[in-house]
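Residue numbers (numbering that gives the first Met the number 0), protein chains in the order written: chain A, 0 to 352; chain B, 0 to 352.
Wrong hints could be hidden among the right ones.
Identical copies carry no separate label here, and so any pair may be met within one copy or between two of them.
[Stated by the list, open to error] Mimicking SDA-like on lysine to any residue, the simulated pairs with C-alpha atoms at most 25 Å apart in a straight line are:
1. K83 to G304
2. K265 to H71
3. K73 to E197
4. K223 to M70
5. K223 to A256
6. K73 to E193
7. K223 to R260
8. K279 to R30
9. K95 to R79
10. K223 to H71
11. K83 to E98
12. K3 to S75
13. K73 to F215
14. K223 to F253
15. K276 to R56
16. K223 to D307
17. K223 to K276
18. K223 to T136
19. K95 to K329
20. K223 to R323
21. K265 to M137
22. K279 to A247
23. K279 to P135
24. K223 to G305
25. K73 to E200
Honestly, the hints are just simulated from the structure, not real lab data.
There are 2 protein chains.
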Amino acid sequence: MPKKVRIALDAMGGDIGASVVIPGAAIFLNRHADTEFLLYGDNALIEAQLAAYPAVRAISRVIHTDVAVGMHEKPSQALRRGRKTSSMWLAIDAVKKGEADVAVSAGNTGALMAMARFNLRTLPGIDRPAIAATWPTMRGDSVVLDLGATIGGDAHHLTTLAIMGSAMARVLFDLERPTVGLLNIGVEEIKGGEEIREAAELLRAMELPQLEFIGFVEGDGIGKGAADVIVTEGFSGNIALKAAEGTARQISEFLRAALSRTWASKLGYLLARGAFKALKEKLDPNRSNGGVFLGLNGIVVKSHGGTDAEGFAYAVDVGYEMVRYDLLTKINQTLNRHGHTLASASAVQEAIS
Amino acid sequence: MPKKVRIALDAMGGDIGASVVIPGAAIFLNRHADTEFLLYGDNALIEAQLAAYPAVRAISRVIHTDVAVGMHEKPSQALRRGRKTSSMWLAIDAVKKGEADVAVSAGNTGALMAMARFNLRTLPGIDRPAIAATWPTMRGDSVVLDLGATIGGDAHHLTTLAIMGSAMARVLFDLERPTVGLLNIGVEEIKGGEEIREAAELLRAMELPQLEFIGFVEGDGIGKGAADVIVTEGFSGNIALKAAEGTARQISEFLRAALSRTWASKLGYLLARGAFKALKEKLDPNRSNGGVFLGLNGIVVKSHGGTDAEGFAYAVDVGYEMVRYDLLTKINQTLNRHGHTLASASAVQEAIS
Numbered sequence: 000m001p002k003k004v005r006i007a008l009d010a011m012g013g014d015i016g017a018s019v020v021i022p023g024a025a026i027f028l029n030r031h032a033d034t035e036f037l038l039y040g041d042n043a044l045i046e047a048q049l050a051a052y053p054a055v056r057a058i059s060r061v062i063h064t065d066v067a068v069g070m071h072e073k074p075s076q077a078l079r080r081g082r083k084t085s086s087m088w089l090a091i092d093a094v095k096k097g098e099a100d101v102a103v104s105a106g107n108t109g110a111l112m113a114m115a116r117f118n119l120r121t122l123p124g125i126d127r128p129a130i131a132a133t134w135p136t137m138r139g140d141s142v143v144l145d146l147g148a149t150i151g152g153d154a155h156h157l158t159t160l161a162i163m164g165s166a167m168a169r170v171l172f173d174l175e176r177p178t179v180g181l182l183n184i185g186v187e188e189i190k191g192g193e194e195i196r197e198a199a200e201l202l203r204a205m206e207l208p209q210l211e212f213i214g215f216v217e218g219d220g221i222g223k224g225a226a227d228v229i230v231t232e233g234f235s236g237n238i239a240l241k242a243a244e245g246t247a248r249q250i251s252e253f254l255r256a257a258l259s260r261t262w263a264s265k266l267g268y269l270l271a272r273g274a275f276k277a278l279k280e281k282l283d284p285n286r287s288n289g290g291v292f293l294g295l296n297g298i299v300v301k302s303h304g305g306t307d308a309e310g311f312a313y314a315v316d317v318g319y320e321m322v323r324y325d326l327l328t329k330i331n332q333t334l335n336r337h338g339h340t341l342a343s344a345s346a347v348q349e350a351i352s
Numbered sequence: 000m001p002k003k004v005r006i007a008l009d010a011m012g013g014d015i016g017a018s019v020v021i022p023g024a025a026i027f028l029n030r031h032a033d034t035e036f037l038l039y040g041d042n043a044l045i046e047a048q049l050a051a052y053p054a055v056r057a058i059s060r061v062i063h064t065d066v067a068v069g070m071h072e073k074p075s076q077a078l079r080r081g082r083k084t085s086s087m088w089l090a091i092d093a094v095k096k097g098e099a100d101v102a103v104s105a106g107n108t109g110a111l112m113a114m115a116r117f118n119l120r121t122l123p124g125i126d127r128p129a130i131a132a133t134w135p136t137m138r139g140d141s142v143v144l145d146l147g148a149t150i151g152g153d154a155h156h157l158t159t160l161a162i163m164g165s166a167m168a169r170v171l172f173d174l175e176r177p178t179v180g181l182l183n184i185g186v187e188e189i190k191g192g193e194e195i196r197e198a199a200e201l202l203r204a205m206e207l208p209q210l211e212f213i214g215f216v217e218g219d220g221i222g223k224g225a226a227d228v229i230v231t232e233g234f235s236g237n238i239a240l241k242a243a244e245g246t247a248r249q250i251s252e253f254l255r256a257a258l259s260r261t262w263a264s265k266l267g268y269l270l271a272r273g274a275f276k277a278l279k280e281k282l283d284p285n286r287s288n289g290g291v292f293l294g295l296n297g298i299v300v301k302s303h304g305g306t307d308a309e310g311f312a313y314a315v316d317v318g319y320e321m322v323r324y325d326l327l328t329k330i331n332q333t334l335n336r337h338g339h340t341l342a343s344a345s346a347v348q349e350a351i352s
């Protein structure tokens, strides 16, 4: 039996903290028994929840702290106030100290990224971290990154995103050589976008055995499942994700309103409720909960702040998989083997520009 | 009775040309009798269609040309081959020469923009043109721009987009002072994005009477109808639009599949078909067909290449409204009155950076 996966949980993170985190941990534990938890936060609140989940209590150690990062604190403020003391910092610090294999928090994204970056530092060869998540498509799931960790980025940055995203797809989807596409817009020969074209050339030239670069993908290609991994810088990645989420919410609102308008449509809804249930599951945001911070010396997973226990359990699942199937080793192997090509390509680019 | 609106149609544009353009013109004509058409393209193909639509024939003049721009030609290639000869160029040229008030084409977007820009030139005070379209939201429609005319752009560019987009919203939605939001991502204090923050400061400082600046809007705010006008540079605008379109298509596919799985769900679908019809109309891409090129000395409207006659008619509607309610005058008035503020703000920015 392999070593247990040690998971540090920020029990204060998210809109309601321990009352989602502990029940979520319990759901996760039913799926993955080979686990231990470190729980950071207010002892009283955590113990109150653990009373209802003895199985979680049996494999957990609680580390008390009074300090919790607020959902609307600025990253710099959270760092000043919560460094070395907050439940968020302590969960990340457990990864840094080798006491945990992964940290999971439903707290404030900006603060979590700032603390993770400050404490864990970026991997050798990586300048800037990224957030990656799975996106449900017409032919299964894809990994999309960067969802907003850093805005902009040159060809070198986009190439490291491709390497890290494909390592995540290998872990999550058990693929030998995931396909990778660069997000781009349809109109050719327009100003700007040089870094994307350069990244395409670089990825073609490198011929990495760990990924198959398939070229450019447009915005509507993500949902079609045009590639296992979709790479873009953080601004457009975040906009794409939220525009898609907004559209899904809008359509379900329209549908709900339309179906409740007449008796016939209400009856129709009742008869077809199996179909609507299937659709709802397909679109369930919980199913793609769990943003993975990539490019750091350690694994940190961000859950939606407003998720329920089921959704939080999915985020913990993602963290577990990343540890169990050696995400960091996979990323590092590629960077070590091909980092030289990347570094020299980067130098060439700088010389040209 | 006001002057007739003179509309130049590229009868060769789109995936099937005249067989969509002429029937589309006929649908449009039923809604707007105060119109004249100039039809550019292959005489034989156009006349064959006009035979079935005598009302269109009665108010049209056909100008023959053999040359049509291909849907996959590069803009530079289209310009070389089709300048002064293609149906697309001639329709734009009619606007340039004052023979038409607006040109509508379902042809190749890149070629249409290149030709429109080359022939019509940008308005005084505008460096780079934009493409704007309406986006169906939970509280009516919004104008979103730029959808891909130009990538990137400084605070000055974003501010001109706000001015042009709000002029379009005033025309289309009959609003005195449309609300305007700048598309941005949620995480604060991250690298990049300075131009968006500067644009926000500029828009606040200018206190334009023609628009009400409401601040930043995230990707999921578009569908919520957070503002009448959503402003962003062309790369993220294009990605947002296509990600949303892709999601809508994905959901209807899922729904169709789910509803045809069992007899109960099929019967349910039949009973609720009124509701589905309402949803379909709500999401009908035809309803938001018609991308308006903004920032040029003349109005050009781009229809989807793969649209049907109904959709093409919507694009002509949009062109008609822009002329009837003086889009260009509205844009120019704001630029003339506030161009000085913009120009000096731009100079200040350059001095600082």
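Against the structure, the hints come out as follows:
In this homomeric assembly, K83 and G304 come within 25 Å of each other (Cα to Cα) only inside a single copy, at 22 Å, whereas the closest approach across copies is 58 Å. Within a single copy, K265 and H71 get their C-alpha atoms no closer than 41 Å, and across copies no closer than 47 Å, so neither meets the 25 Å cut-off. Taking the shortest Cα distances, K73 and E197 sit within 25 Å of each other only across copies (20 Å), while inside one copy they are farther apart (35 Å). For the identical chains of this complex, K223 and M70 are inter-copy neighbours only, at 22 Å across copies versus 34 Å inside a copy, given an alpha-carbon limit of 25 Å.
Taking identical chains as interchangeable, the C-alpha atoms of K223 and A256 lie at most 25 Å apart only when they sit on different chains, with a minimum of 15 Å there against 27 Å within one chain. In this homomeric assembly, K73 and E193 come within 25 Å of each other (Cα to Cα) only across copies, at 17 Å, whereas the closest approach inside a single copy is 33 Å. In this assembly of identical chains, the alpha carbons of K223 and R260 lie at most 25 Å apart only when taken from different copies (21 Å versus 32 Å within one copy). Taking the shortest alpha-carbon separations for K279 and R30, only the intra-copy value of 22 Å comes in at or below 25 Å, while the best inter-copy value is 40 Å.
Within a single copy, K95 and R79 get their C-alpha atoms as close as 19 Å, which meets the 25 Å cut-off; across copies the closest is 60 Å, which misses it. In this assembly of identical chains, the alpha carbons of K223 and H71 lie at most 25 Å apart only when taken from different copies (22 Å versus 35 Å within one copy). Proximity of K83 to E98 under the C-alpha cut-off of 25 Å is restricted to the intra-copy arrangement: shortest distance 15 Å within a copy versus 72 Å between copies. Taking CA atoms no more than 25 Å apart as the test, K3 paired with S75 passes in neither setting, with 35 Å inside one copy and 60 Å between copies.
Proximity of K73 to F215 under the C-alpha cut-off of 25 Å is restricted to the inter-copy arrangement: shortest distance 17 Å between copies versus 35 Å within a copy. Taking the shortest Cα distances, K223 and F253 sit within 25 Å of each other both inside one copy (23 Å) and across copies (12 Å). Taking the shortest alpha-carbon separations for K276 and R56, neither the intra-copy value of 34 Å nor the inter-copy value of 52 Å comes in at or below 25 Å. With identical chains, the CA atoms of K223 and D307 are at most 25 Å apart between copies only, with a shortest distance of 23 Å across copies and 28 Å within one.
For a Cα distance limit of 25 Å, the shortest separation of K223 from K276 qualifies both inside one copy, at 22 Å, and across copies, at 24 Å. In the homo-oligomer, the alpha carbons of K223 and T136 lie at most 25 Å apart both inside one protomer (6 Å) and across protomers (23 Å), since each shortest distance falls under that limit. For a Cα distance limit of 25 Å, the shortest separation of K95 from K329 inside one copy, 19 Å, qualifies, whereas the shortest one across copies, 59 Å, does not. Taking the shortest Cα distances, K223 and R323 never come within 25 Å of each other, neither inside one copy (29 Å) nor across copies (40 Å).
Taking identical chains as interchangeable, the C-alpha atoms of K265 and M137 lie at most 25 Å apart only when they sit on different chains, with a minimum of 22 Å there against 28 Å within one chain. Taking CA atoms no more than 25 Å apart as the test, K279 paired with A247 passes in both settings, with 10 Å inside one copy and 14 Å between copies. Taking identical chains as interchangeable, the C-alpha atoms of K279 and P135 lie at most 25 Å apart whether they share a chain (12 Å) or sit on different chains (22 Å). For the homomeric pair K223 and G305, the shortest alpha-carbon distance between copies (18 Å) is at most 25 Å, but the shortest distance inside one copy (28 Å) is not.
Within a single copy, K73 and E200 get their C-alpha atoms only as close as 38 Å, which misses the 25 Å cut-off; across copies the closest is 20 Å, which meets it.
Of the hints listed earlier, those the structure fails to meet are numbers 2, 12, 15, 20, in rising order.
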